[in-house]
Amino acid sequence: MDAPTPPLYIDRPEDVAVAARALAGGAIVAAAFANFYVIVTRPDAATVRRVNLAKGRPAHQVGSITTAIGRIPGMFDWTRISPRLPVGRVRALMDALYGAGPFGFRGPAADRLPEHLTQIDQGMRTTQVIAPGLTCPSNAFFERALAETGTDHLYITSANRSRHLTGATEEPAHWKAGALAADFAHLDDLVVLVHRDEAAARAAYPGYLTTSVTLLSFHAPEGDLEEPPVLTVGRHGSLHLDDVRRAAAPLGLQVRLAGGARQRLQVRGYAGALV
Numbered sequence: 001m002d003a004p005t006p007p008l009y010i011d012r013p014e015d016v017a018v019a020a021r022a023l024a025g026g027a028i029v030a031a032a033f034a035n036f037y038v039i040v041t042r043p044d045a046a047t048v049r050r051v052n053l054a055k056g057r058p059a060h061q062v063g064s065i066t067t068a069i070g071r072i073p074g075m076f077d078w079t080r081i082s083p084r085l086p087v088g089r090v091r092a093l094m095d096a097l098y099g100a101g102p103f104g105f106r107g108p109a110a111d112r113l114p115e116h117l118t119q120i121d122q123g124m125r126t127t128q129v130i131a132p133g134l135t136c137p138s139n140a141f142f143e144r145a146l147a148e149t150g151t152d153h154l155y156i157t158s159a160n161r162s163r164h165l166t167g168a169t170e171e172p173a174h175w176k177a178g179a180l181a182a183d184f185a186h187l188d189d190l191v192v193l194v195h196r197d198e199a200a201a202r203a204a205y206p207g208y209l210t211t212s213v214t215l216l217s218f219h220a221p222e223g224d225l226e227e228p229p230v231l232t233v234g235r236h237g238s239l240h241l242d243d244v245r246r247a248a249a250p251l252g253l254q255v256r257l258a259g260g261a262r263q264r265l266q267v268r269g270y271a272g273a274l275v
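UniProt numbering puts the sequence shown at residues 1 to 275.
Hints in this document: simulated from the structure, not taken from any laboratory.
You may find that some hints are simply not true.
Label pairs and their computed distance ranges (CB to CB) [claimed, not checked]:
| id | residue 1 | residue 2 | range |
| --- | --- | --- | --- |
| 1 | Gly269 | Ala203 | 34 to 40 Å |
| 2 | Asp44 | Ala203 | 17 to 23 Å |
| 3 | Arg112 | Arg84 | 23 to 29 Å |
| 4 | Thr5 | Arg256 | 43 to 49 Å |
| 5 | Gly260 | Pro58 | 14 to 20 Å |
Heads up, the beta-carbon is just placed ideally off N, CA and C, and yes, glycines get one too.
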């Protein structure tokens with residue numbers, strides 16, 4: 001019998017290097033990310049399509065991107081923001097929310113980003129950036145993976161099978177590596193980069209659910225004349241709306257739920273496991 005493969009840890013540089021090289025070679029990496037897990041790969045169209053199919057999604061579903069924390073502003077075209085919305089306020093809000101933990105922003109896409117990682121929303125070409133926050137060790141993995149791939153962004157998606165495949169109303173993201181690996185056992189090139197201590201990772205983010213991030217859009221503020229400007233939460237995920245509002249208010253920004261975000265994302269349940 002073969003000896004069991006030792007785990008790869010997100011906080012161990014040699015393991016990060018192994019995972020980054022595998023990603024650059026085309027592997028699918030399930031990575032520890034704040035208090036849960038995500039899937040990260042190269043950003044090319046063929047790899048994104050393969051992950052979509054592996055999850056049970058439509059093959060050409062548009063993907064989100066991630067990058068190392070210091071590179072996030074470069075994913076957006078700041079010249080296309082509404083003149084009603086001062087760039088400095090949005091950048092300050094981005095710094096505050098990513099300084100605290102995992103979060104997502106949708107905004108005007110930088111021109112260099114490919115079509116399969118952007119979508120038209122309210123007449124504007126946008127991209128969705130998902131990041132784990134300033135203190136997460138996954139930032140070192142992203143930096144190494146970017147260096148290995150020679151690009152400035154990666155493809156990211158939730159670590160779960162699609163509801164299109166399972167038939168469930170919702171399929172929350174995984175926050176336990178073992179269950180994640182079982183869901184994707186059909187992939188022969190899956191690499192799992194784990195939290196050294198999953199309970200400690202969850203405890204490090206007491207104000208966040210162990211599910212996909214909350215997503216705030218800033219490319220199309222609501223209303224023509226309303227002040228302060230209103231940004232919309234298009235997905236109510238790990239961080240509660242009230243916490244987003246508390247971060248935005250001192251910057252002179254309002255935050256509201258979009259119509260499709262009335263229901264907050266669920267947390268995945270495991271037999272015998274407590275959050």
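Results of checking the hints against the structure:
1. Gly269 / Ala203: 34 to 40 Å: Check failed, 19 Å falls outside 34 to 40 Å.
2. Asp44 / Ala203: 17 to 23 Å: 37 Å, violated
3. Arg112 / Arg84: 23 to 29 Å: 26 Å, holds
4. Thr5 / Arg256: 43 to 49 Å: Given range 43 to 49 Å: holds, Cβ gap about 47 Å.
5. Gly260 / Pro58: 14 to 20 Å: Holds: the Cβ-Cβ distance is about 18 Å, inside 14 to 20 Å.
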